[in-house]
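*Asks:* Chain residues, written in single-letter form:
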Amino acid sequence: MDARRRVASDKSDLAARYLAAIIESSDDAIVGKTLDSIVTSWNRGAERIFGYTADEMIGQSIYRIIPRDRWDEETTIVETLRRGERVDHFESVRLRKDGQQIDVSLTISPIRDARGRIVGASKIARDVTERKLLDAERERLLKEAQRARADAEAANRAKDEFLSVVSHELRTPLAAMLGWVGVLKKGATGDRAARALDTIERSGRAQAKLIEDLLDASRMITGKLRLDLRLVDLPTVLRQAIDVIRPTAEVKGIRLEVELDPSAGPVVGDVDRLQQIAWNLLSNAVKFTPARGSIRIVLERGDTEMRLTVSDTGRGITAAFLPFIFERFRQAESAESRRSGGLGLGLAIVRHLVEMHGGSVAAASEGEGRGATFTVTIPLAPGIAEGEANAQR
Amino acid sequence: MHNDKILIVEDDPDVRGALAAVLEAEGYDVVEAENGRRALEQLRSGTEFCLILLDLFMPEMNGWAFRTEQMQDSRLAAIPVVVISADSVAAKRAVSPGIVAAMTKPVEFGSLLSVVGQHC
Numbered sequence: 018m019d020a021r022r023r024v025a026s027d028k029s030d031l032a033a034r035y036l037a038a039i040i041e042s043s044d045d046a047i048v049g050k051t052l053d054s055i056v057t058s059w060n061r062g063a064e065r066i067f068g069y070t071a072d073e074m075i076g077q078s079i080y081r082i083i084p085r086d087r088w089d090e091e092t093t094i095v096e097t098l099r100r101g102e103r104v105d106h107f108e109s110v111r112l113r114k115d116g117q118q119i120d121v122s123l124t125i126s127p128i129r130d131a132r133g134r135i136v137g138a139s140k141i142a143r144d145v146t147e148r149k150l151l152d153a154e155r156e157r158l159l160k161e162a163q164r165a166r167a168d169a170e171a172a173n174r175a176k177d178e179f180l181s182v183v184s185h186e187l188r189t190p191l192a193a194m195l196g197w198v199g200v201l202k203k204g205a206t207g208d209r210a211a212r213a214l215d216t217i218e219r220s221g222r223a224q225a226k227l228i229e230d231l232l233d234a235s236r237m238i239t240g241k242l243r244l245d246l247r248l249v250d251l252p253t254v255l256r257q258a259i260d261v262i263r264p265t266a267e268v269k270g271i272r273l274e275v276e277l278d279p280s281a282g283p284v285v286g287d288v289d290r291l292q293q294i295a296w297n298l299l300s301n302a303v304k305f306t307p308a309r310g311s312i313r314i315v316l317e318r319g320d321t322e323m324r325l326t327v328s329d330t331g332r333g334i335t336a337a338f339l340p341f342i343f344e345r346f347r348q349a350e351s352a353e354s355r356r357s358g359g360l361g362l363g364l365a366i367v368r369h370l371v372e373m374h375g376g377s378v379a380a381a382s383e384g385e386g387r388g389a390t391f392t393v394t395i396p397l398a399p400g401i402a403e404g405e406a407n408a409q410r
Numbered sequence: 322m323h324n325d326k327i328l329i330v331e332d333d334p335d336v337r338g339a340l341a342a343v344l345e346a347e348g349y350d351v352v353e354a355e356n357g358r359r360a361l362e363q364l365r366s367g368t369e370f371c372l373i374l375l376d377l378f379m380p381e382m383n384g385w386a387f388r389t390e391q392m393q394d395s396r397l398a399a400i401p402v403v404v405i406s407a408d409s410v411a412a413k414r415a416v417s418p419g420i421v422a423a424m425t426k427p428v429e430f431g432s433l434l435s436v437v438g439q440h441c
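Heads up: the sequence lines are chains S and X, in that order. Take 18 as the starting number for the first sequence in this note's numbering and just add one per residue. Take 322 as the starting number for the second sequence in this note's numbering and just add one per residue.
Bear in mind the hints are in silico, worked out from the structure with no lab data behind them. Keep in mind that the hints are not guaranteed to be accurate.
Unchecked claim - In the DMTMM-like style, the derived pairs of lysine to aspartate or glutamate whose C-alpha atoms are separated by at most 20 angstroms in a straight line are: (1) X:LYS413 <-> S:GLU218; (2) S:LYS304 <-> X:GLU381; (3) S:LYS203 <-> X:GLU429; (4) S:LYS28 <-> S:ASP45; (5) S:LYS202 <-> X:GLU345; (6) S:LYS149 <-> S:GLU161.
For reference, chain S alone in the conformation it holds in the complex (with noise of 0.2 angstroms):
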C-alpha cells in the first residue's frame, strides 16, 4: 500500500470512528435493519429506549418490537423504502422489553450499497412518551381552564340577574310605599287614606322580609347562621305559622287542611328559624295556588322524627325545574315575564335550617300545574325518644 492510499485509507477510518461515536452517543435509537426486517445495527439509545442490549438484537427481526396490530406498518415501510423514498416523522407505538407501549416518532431513510441498490434501511426513533404526555396534560389544562371560565362566565351572569332581581324586588314595595305616601299628602281621606296606609304597612313589611332574607342568605354563605337551641314544641309552632298566613289564603279564598297530631312531641331546635321554615313553606304554598285551590298541612310523628307535609293544588314544578328548587337565587321564571315576585331565597333558606337542624326537606310535583307536596323530617328530641322507648320496653 502507498503512502498515499494509506493517508486516505486512515482519513476514512477517522470518518468512520466519527461516525459511530456520534451513533453511539445519540440519545434517539438509530437502527439498521436489511429490507427483510432483520435488524443490523443497534446503538446505545436503542438500547436505552426498547430496552434490548445490540446483542440480543443485531440478526433478529424489527418485529420484535413491534405490536402485533401495527405489524402492517412494517410492510408499509419497507414498500416505501423500496421506492426509495424516506418515512419522516412517523409517529407510532413500539414495543419495549418489559411489554410497555412506548409512543415514538419515526425517521427512516434507505440505505443504498455502492452500485445505488438500496440494499437496507437506517432508522432513527425519537421517544416521544413524554411529548405525548405532555401535550395531554396540557390539552387536559386548556379544557379545565375552560371549563373554570365557563363557570365563572355562568356565575357571574346569575349575580347580574340576581342583583337585577334584588332591586327590582327592593324597588317595587317602596314605589308603593312612596306613591302612597305622595297620595295621603294630597290629602286623601276616607277609603282612599285607609287603602294608603293598608298599602304603606304591607310594603314596609315585605320589604323587611326582603332584607331579612337577604341577611340570611349571607349569613348562610358566611356560616355565621346559629341556632339558639331549646325545647321546641312542633305542633305550636305550626298553628303560630299557620295564624299568620291564614288571611292571605283566606283574601285568595284558599282552603287551609291542618292535622297537627296532638302527641307530636317536643324537638330541639330554634323555635324562630322552625317558625320560618314552617312560614316560608306556607307563604310559597299560599303564592302558588290560585285562587279557590286548597293547602293540605298535616304534621305526624314517626319513630325518631317529626314529619311536616305540605301539600298544595298549585302551579306545581317542572321536571326540569325540580332538582334546582332548593338552590339560592334559583326562580322557575325569567325576571322580564315572571307572574310570582320573591328573591329565589325562600326554600334555600328552609334547606339551610331544616339541615342545621339534623333533618332534612324534599319536594316532590306531578309536574306543571299539578301542585306540589314539601315534606320535612326533624328528628325527635333524643332524650325525649330514648325516654319514651325505654319507658315503653
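Given the structure of chain S, go ahead and fit chain X onto it with the hints provided.
*Replies:* Positioned in the frame of chain S, the structure of chain X alone reads:
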C-alpha cells in the same frame, strides 16, 4: 279638565294603585292594565289615550313585547310612552322613538307630572 285618558300598565297592584291615585288627584282620568295584553285590549277598545305609563317586567306580555305590538299597530304607534321600571339600566335602554321618558321606581312624582302635563 283633561279629555284623554292615561293608561297605566303595571303588574304590581300596589304600585299601579299608587300611580293611579296620584294622577287622579291631579284630575286625570286613568285606566289600569295589569300586563301588556290587557293594555292592548284597552287601547283597541276605542278609548282615546294621551299617554301610556309602561312597566317592563310583567307576566303574560312584558313591556318589550307590548312595545313591539304597539309599534306594529298604526292606530297605536303614535301614543307616547313613559317607561317606568325598577331596573334603571333596563329603563334607560328602553329609550327609543315614541318613548318620551324613562323613569326608575320609585318614581319622582314631580317629574312624572311634568311629563304627563306635556302630553295630556
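*Asks:* Now tell me if each hint is right for this structure.
*Replies:* Evaluation of the provided hints:
{"no.": "1", "hint": "X:LYS413 <-> S:GLU218", "in the structure": "violated (30 angstroms)"}
{"no.": "2", "hint": "S:LYS304 <-> X:GLU381", "in the structure": "holds (17 angstroms)"}
{"no.": "3", "hint": "S:LYS203 <-> X:GLU429", "in the structure": "holds (15 angstroms)"}
{"no.": "4", "hint": "S:LYS28 <-> S:ASP45", "in the structure": "violated (27 angstroms)"}
{"no.": "5", "hint": "S:LYS202 <-> X:GLU345", "in the structure": "holds (14 angstroms)"}
{"no.": "6", "hint": "S:LYS149 <-> S:GLU161", "in the structure": "holds (18 angstroms)"}
In summary, the numbered hints that this structure violates are 1 and 4.
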